[in-house]
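> Residue numbers (our numbering), protein chains in the order written: chain Y, 1 to 501; chain X, 502 to 1002.
Treat the hints with care, since some could be wrong.
[As the list claims (entries may be wrong)] Not the full set, but computed from the structure, chain Y residues with beta-carbon under 8 angstroms of chain X:
1) E87
2) A171
3) S232
Note that these hints are calculated values from the structure, not bench results.
Heads up, the beta-carbon is just placed ideally off N, CA and C, and yes, glycines get one too.
Protein chains: 2
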Amino acid sequence: MKIWNEKVEPAEGVSPCANVLAMITHAFRRPGIQLTITLFALLTAAGAMSQTPAKISHADLSAAQALLKRAQGDSTAYQLAESLTTEVGPRFSGTPGDRAAVVWAQEQMRRLGFENIRTQEVDVPQWVRGEAEFAVLEPWPQPMPSLALGGTIGTPNSGVEAEAIMVKDLAALKQLPAGAINNRIVFFNNPIERRRDWSEYSRAVSVRGGGAAAASALGAVGVVIRSLSTSSERFAHTGGSRQPQDVPRIPALAISNPDADALARQFASGRTVRLRIKSTARDLPKQRSANVIGEIPGTDLAEEIVILGAHLDSWDMGVGAIDNAAGVGIVLTAAHLIRAQGLKPRRTLRVVLFANEENGSAGSRAYAAAHEQTLANHVLGIESDYGAGPVWQFSSRVHPADVGVIDQIHRALGPLKIARGTNEAPGNADLSPLVARGMPILGAELDGTYYLDVHHTANDTMAQVDPAAIRQSAATFAVSVWLGAQYPGKWQRIAPKPPRP
Amino acid sequence: MKIWNEKVEPAEGVSPCANVLAMITHAFRRPGIQLTITLFALLTAAGAMSQTPAKISHADLSAAQALLKRAQGDSTAYQLAESLTTEVGPRFSGTPGDRAAVVWAQEQMRRLGFENIRTQEVDVPQWVRGEAEFAVLEPWPQPMPSLALGGTIGTPNSGVEAEAIMVKDLAALKQLPAGAINNRIVFFNNPIERRRDWSEYSRAVSVRGGGAAAASALGAVGVVIRSLSTSSERFAHTGGSRQPQDVPRIPALAISNPDADALARQFASGRTVRLRIKSTARDLPKQRSANVIGEIPGTDLAEEIVILGAHLDSWDMGVGAIDNAAGVGIVLTAAHLIRAQGLKPRRTLRVVLFANEENGSAGSRAYAAAHEQTLANHVLGIESDYGAGPVWQFSSRVHPADVGVIDQIHRALGPLKIARGTNEAPGNADLSPLVARGMPILGAELDGTYYLDVHHTANDTMAQVDPAAIRQSAATFAVSVWLGAQYPGKWQRIAPKPPRP
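This is chain Y alone, in the form it adopts within the complex (with noise of 0.2 angstroms):
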């Protein structure tokens, strides 16, 4: 309790009372439900308003065990993503599988039931990665395969060549003393573990975002990193990295593991370290994508927003199984199921597929400045961008005042054996804007033991998809927005909290 008493404080301005008219509202217009039973238990809810929250009917909860069974059952998000990958593949910002994933996005929602299909052009960034090559001049020559960092600038043809430097992080780099790597290619060699959760990346995620920007203010002319990775399988990981204006661009390259390891060995000979670096990554004029969107109307409550989100592009290496076929497989799935159960919302379920998330988040943006004026009607979000789970605990960011209602959707997802996580959802990277206006979330937080082995990687493919983990994560996205979008009460907004960089 005390950590969300910290951190999360109750948006100004929201009255408790709305939540009773809400639901008094909610209680008329619903067919099938008992009037003397409602009534009762509306005027008990009413009556304690001021000290509990409203507590999900047992209809709605009678309701969601069903469709938890139906969704354990149910092999849609395996089969959306396999569909994505197979049939459009790799679908880089800017490029024609992006396009493609555009059209297969809609026809899928088509197929699956949702109403008021549509897209929101963008203009994304088209950054085409080119070839990279990356060898050890000295001591002892080799080539080791690797990737360009997202955003990063190529080389001349001629590559650059240039004595080396390992360091660990941006910290050790500070210490350096000045001029130790000037005109030099910087190694960063900053291993992470292996964790369920995102503590590892995020301790670790500066050195490829802001690597080559720190060694370039300190006059490098390269960077190499040891990807953001725990496999020992020898794939080189991608990812975005921050290009500031006011330092020079200099090409940055990742490599494997058991090559960085395989370099660190050459440092240790004490010998000089020289490396070549080619890039022939570059910028080419920014191309059009798309959010696609699509909903479940709500019924007595159809204004207010349900929002499930999912990025649809992928890095152009692999075709992007994990990131995020299966996250679009499974909000897809959650929204889906719950139609084709026959459940009629409260609240408007809106899938928004986002664009360009790997590198520029221009879908994130542009949805959150089109909606500008009808940000407050996004009442609740949930998104899907860790893999395809299983989810492994349950948790949420919301006002204090609706954290019982948490409890209960933790509850109804009991057979699923999720553990109950705090009121500090980490959240992904496409809500976030939301978030920081005050949008509450669930955190369905996937299990990423093994995410990171992959991401980001030429080998994101349908062979690290796990039907039973995705399975149960659509399950348990499914109960939970369902539940959500029946809370009696009214989700309250939340303190902004500055988007994710």
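Since the structure of chain Y is already known, use the hints to place chain X on it.
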């Protein structure tokens, strides 16, 4: 027993009396063994010679136990593999890395106390992989990573595009109607199961070795194979491909298991599948390489050679850790440990690190040819070319009269808990010309459960070598080689066997 009675016939012209003479000679030359006991043992053995084979002495078995204990705590094999992969790296036939490996091997032999260190120069093919590109054009376009099969021809610069047909294997190919694959690209889709032994590899390798030639003979313009792989990681596996003179050479590529699955889904759609392949593979003039040879000289039976074989070359994309830096480390360490332990083997231990195993076996053939006159002196062989281990089964291919000593050796390996195999050890490629001429072999069978996850891929790095496993393997080789060198009987020739294709 039936197995080797049927399969392994005694070579002609070998007299059992030769064993007794050898034992007597030995006994009088060896220092530190009490003459009376030795004479008693000898007389007993000589009396029983026509009925029962000679047995390894208690002294030699006792030395084996001390050797085993030492080897179990020794990490030389791992260190050698790490050194070869780090300081040389890829060493494909005809490349500078290949020559560097020859220099490295001689240095290591010197450092480890070998004698008679020398090279045998060998002409090796110089096949250049170049770049391979593979893409599905229809029904759902997407590129997939691929590798050319060894020895295959490249495509025109424009690549080859054609409608494709999917078949399982060569047998299925033959059952197609006449003309069915004319001007087509053939996709061989023949998955293999995970096994500890070679069985699945043996079953399916004909597709890799003979698929291109068979398809070409039927008019195909290109071949794509599902890699001979047990991995779900996205690595294509290369490997040798026969290029007979009587059919046109056609390009042939391998794709990974997850890509083969995805391609099979495209075929499963029922629509026409069109593929594009491009390869810049080509042949360049032959180059010089060398077998590297070093010895631990024997004592009274010094003219008899126990040969320890492993190939020094690797494929070009990886650093050849399990294939075959591990094997190099194991055989060098086995001989080294015997010497380091202060043991004086009766027979000469000869380590031969062969050139060009991967794409031509020129080193193996050259060795056999150069030793044509002294082949009979190669009395026993052991080879390491199936990864880092551990050894899971101890088998042999020896004369039936010598199987008893294999049992003795197996018992001496007791602490390692290795299963007892048959007298039909499969053997490896480099010693096969010697086995074909009647040389018996020990079969220290390395556990291949995960070997075909990595074999012939860019992913063959030191991360795939388990330090404990390679230590156990080197211990097994050391003990069995030591006892094989001490065997007081005479290693009898086995029936000639055709070399492996």
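> Now look at each hint and say whether the structure bears it out.
Here is how each hint holds up against the structure:
no., hint, in the structure
1, E87, "5 angstroms, holds"
2, A171, "27 angstroms, violated"
3, S232, "4 angstroms, holds"
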